[in-house]
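Chemist: Chain residues, written in single-letter form:
Number of protein chains: 2
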Amino acid sequence: MARPRIVIIGAGFGGLSAAHGLAGAAADVTVIDRRNYHLFQPLLYQVATAGLSPAQIAQPIRSILRRAPNVNVLLDKVLGIDKERRTVTVEDREVPYDYLVVATGARHSYFGHDAWESVAPGLKNIDDAIGIRRRILMAFEHAEAATAPEQRQRFLTFVVIGAGPTGVEMAGAIAELAHVALRHDFRSINPRDARIVLVEAGPRVLPAFPEVLSEAARRSLDRLHVEVRLGTPVSQCDGEGVTIGDHRLQAATVVWAAGVMASGAAQWLGADKDGAGRVKIGPDLSLPGHPKIFVLGDTALALDGDGRPLPGVAPVAKQQGAYVARLLRARLAGLPAPPPFRYRNFGTLATIGRRAAVADFGWIKLDGTLAWLLWGLVHISFLIGFRNRLVVMLDWLWSYVTFQSGARLITGSDSQ
Amino acid sequence: MARPRIVIIGAGFGGLSAAHGLAGAAADVTVIDRRNYHLFQPLLYQVATAGLSPAQIAQPIRSILRRAPNVNVLLDKVLGIDKERRTVTVEDREVPYDYLVVATGARHSYFGHDAWESVAPGLKNIDDAIGIRRRILMAFEHAEAATAPEQRQRFLTFVVIGAGPTGVEMAGAIAELAHVALRHDFRSINPRDARIVLVEAGPRVLPAFPEVLSEAARRSLDRLHVEVRLGTPVSQCDGEGVTIGDHRLQAATVVWAAGVMASGAAQWLGADKDGAGRVKIGPDLSLPGHPKIFVLGDTALALDGDGRPLPGVAPVAKQQGAYVARLLRARLAGLPAPPPFRYRNFGTLATIGRRAAVADFGWIKLDGTLAWLLWGLVHISFLIGFRNRLVVMLDWLWSYVTFQSGARLITGSDSQ
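Chain order of the listed sequences is V and A.
Counted from 1, the first sequence has number 15 at position 15 by my numbering; the numbering is strictly sequential.
Counted from 1, the second sequence has number 324 at position 324 by my numbering; the numbering is strictly sequential.
For reference, chain V alone in the conformation it holds in the complex (with noise of 0.2 angstroms):
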């Protein structure tokens, strides 16, 4: 008999985990993915403020995945899935699967307004983040050579739309580049005169956190300069500044962090999804009426207990995925199914700056320098592979003792 074949598509933090389970088992695993590495994307914001280099927090996927020979990777762009037949299209040819895994994550979304991206991109992959940079840096730089003071503060502001987890690192960072790691760079401005502004439609910060910590994060917010303006949406977005409600700030720099959306893989399915464009999904993350189908991470509305949507972060992803690749292994053994997905949460967190983060464990919320070194030990070692581990830890501390920040390199054609 033929080995099952099992397409995995995306290989993001749920289907690379999904891989890794199932490496060594009775089936050839294939993993699809547009880009050739997997992506520490917790830390992406960094790369996008000049702290860190892309190789720091990306491994090429066939390298991570190169000691499971039963594990094939294809670096191609899906098109389409066709149910009937069984098979994945990409760009120049069909993958014909008996199981499938779809983890393709999600993108940003504009609420409509799509003719914002280009103003004000958001932060997915490492591709994004050295645009962001080289945006960040430019302005800098635009600022330096500017003679009408106008135009110098126009350079100087620094708008964040969205203070979620993603919106909350990213002001924080470039005040801390602005701030600290730039100040004795340029001679016609003072890189501390820039505005960094943090503008949430909602009436705090860190709004999936508890508020007491919402309120932590303000203060440390508070404490790195960075304005902070809640309860009123962005109305308009374009190449001179940004309109909040009905008021003006003129801002050359503006990043995207309000928003995601699934990525297109209900479209593909055929499949109920909700306004996030996330599947709706089965107990057993399966597509309904259809076993063999497996949707997973950012792409999938999985339901806690409650029957609350759980949050599109990492750890769910990675729990997905290695279940997934649990009830398969049991599947192709002739097992019975391992009871339905239940997330465990081992609590959230989320950095503002040095020494500044939020942690909420439920049993207990931290803060401040002790949250903040959690986060530190936590994300270092949950990157893949050891060489990155090192570099990033020697390249903490590094920053740390120097408050010099590496990498602020302005690579790649300038879109601006």
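Because the hints were derived from the structure by calculation, they are not lab data.
One should not assume that every hint holds.
Claimed, not checked - Only part of the chain V face toward chain A is listed, based on derived beta-carbon distances under 10 angstroms:
{"no.": "1", "residue": "Tyr37"}
{"no.": "2", "residue": "Val73"}
{"no.": "3", "residue": "His184"}
Note that CB positions come from ideal geometry on N, CA and C, so glycine has one too.
Got chain V; can you put chain A on it based on the hints?
Modeler: Same frame as chain V, but now just chain A:
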């Protein structure tokens, strides 16, 4: 009396060394560069072959010069020089100077075949290196996905044109990538089947080195399974491959390392130049008839004591930059000018691969492991910035121990 204004165009080895030498001098110094980083060009081929990350061999110019308050950095593109009005024209204004130092380096020369540039890119800056890295890594991906054997072989064939130090280093590094670093990463292809062909029109590799070292380099290339083709120039380069003399070679990846041409400074200055575009300068590196304009590094044609042109290498540029700074300091202080510039050759080095290099000190010639250790030592110790030195050293150690090469990321848009 107003402080004299010194403008330095270019922050390569020459320009930066002049700026360093003028730190604290009684003059306002402006360094103009199109890019925000100084590049340690001798290691650029390692970025192109996925051994190092860009940030490990580049540093922001502002960071390097932050402790020199009389030195100003301007990120801008020079469009021309007006010798009469003594101004440098950049994109949106004019920068006046009293003294001018031109150190704009060199770019690739395709000997009249400019159309070859798009299929056989050269290696001068980080964007070039990232583009070549993408082409090399994508070639393996395409080979893995290819179904026809002749297509697969074409993707696994890499041609490096020109066997000077850069060409030899590139060919050796691609061979190591294919034969060692990637060997476990693929399932359909064996990266060890990759063919790496080094083409040189002249009769030997490393033509600028003594013959005995050319032979040693040739033996090292043989050990790395690099095919060396001497004595025949490339007559055609296109999207499918190259023609060497009348021999056709199908190859998806071609890298140009055959020739450089001085940047357009001679034209800006309306100056005499040689066939390679280098500006003819006097014994004090000044432009004949213009004692306040200096040209140095790869942009200049400087002669040694025997009337032979100095090579386009970093030590020449650095010594020339330091000389011009010394000369200007003397002039500003009303002291006698230093004697004419004289290049002190401390030796030349080229590396072929792991534990293979050649070194020529005139009085002694080395090859093999000892030359390689020396090469590593010299390059690490010359890298600007302690952080880079430490990280590069760790990276090398790590690659050496594990035969793993980091930084294998495919980023940017695919221009193939």
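Chemist: If a hint holds in the structure, say so; if it doesn't, say that too.
Modeler: Hints and how they fare:
Interface restraint check for Tyr37(V): the shortest CB-CB distance to chain A comes to about 5 angstroms, inside 10 angstroms, so the restraint holds. Hint status for Val73(V): holds, given a least beta-carbon distance of 8 angstroms to chain A, under 10 angstroms. Of the supplied interface hints, the one on His184(V) holds, with its beta-carbon coming within about 4 angstroms of a beta-carbon of chain A, less than 10 angstroms.
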